[in-house]
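Participant: Let the hints inform the model, and build the full structure from the sequences given.
Numbering of the sequence shown is given in the numbering used here, commencing with residue 35 and proceeding in unit increments.
By construction, these hints were calculated from the structure, which means they are not laboratory data.
Being a predicted model, the structure only gives us computed values, none of them experimental.
Keep in mind that the hints are not guaranteed to be accurate.
As the list claims (entries may be wrong) - Simulated pairs of lysine-lysine, DSS-like, Cα-Cα distance not exceeding 27 Å:
| no. | residue 1 | residue 2 |
| --- | --- | --- |
| 1 | 137 | 232 |
| 2 | 92 | 79 |
| 3 | 232 | 92 |
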Amino acid sequence: MNVIQLGPFILNVELLIFLASSVAGYLALQYRLRSAAVEGDIANKFVNALIIGFFTWKFSPIIFDPVSIIQHPISLLYFNGGDRGIVLAITLSILYLWIRTRKDGSSITMTLDVMSVGWIAGSSVYHLLTMTVDSTNVLFHSLYVVVNVMLVMFLYYKKEVVGNPAVLNRGLTWYSLGMIAIFFTQADRSFLVMGFTKEQIFFFIVLIIAIYTDYVFDKKKRL
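Facilitator: As structure tokens, then:
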């Protein structure tokens with residue numbers, strides 16, 4: 035665990051990077067909503083989803099390792115739920131966004147669009163900052179940022195209304211392919227199945243969904 039000591043205070047570097055990334059993601063999605071003149075305070079649901087995800091990730095050791103937390107409660111300040119905590123946090127955040135989207139009547143594609151913009155900004159800041167503490171994966175983090183920049187350029191030149199399904203699906207298709215490729219450069223990869231990591235499997239699923247959704251929308255246009 036990387037820490038920074040400021041006098042009597044010990045700061046978790048991973049937590050600081052996460053907070054900086056979250057702020058960048060929030061500012062990006064706010065900009066996306068304002069530039070597209072989307073009415074209503076839609077950004078609030080993304081902030082709430084982020085808060086739910088953060089606290090779930092941070093305090094998930096209570097669920098996964100309650101005995102250790104009972105014995106050493108102060109450890110919650112310095113540790114998090116790791117990969118299992120991230121999966122649980124993402125699941126609960128997506129579930130919350132799905133419920134709120136159905137409730138406020140906004141389109142799913144608009145929600146995915148804004149989420150994508152926030153993800154690009156947040157993950158770019160995350161990988162740029164992580165390079166300063168992870169010298170073994172400089173190539174991986176650099177390529178991650180490059181793929182994000184390429185997606186930003188794609189969205190910029192495809193200036194459409196927020197939630198345009200055709201642009202969103204094609205962007206996700208190419209982005210998923212890029213992500214699958216760059217994870218081969220990650221040092222000390224942990225394989226899940228057939229030589230692929232869990233992240234690559236995730237982006238394979240996103241790729242299939244994006245291609246299928248694009249096919250469905252294209253078919254509807256022809257009718």
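Participant: Enumerate the violated hints, using their earlier numbering and listing them in ascending order.
Facilitator: Of the numbered hints given earlier, the structure breaks just one, which is hint 1.
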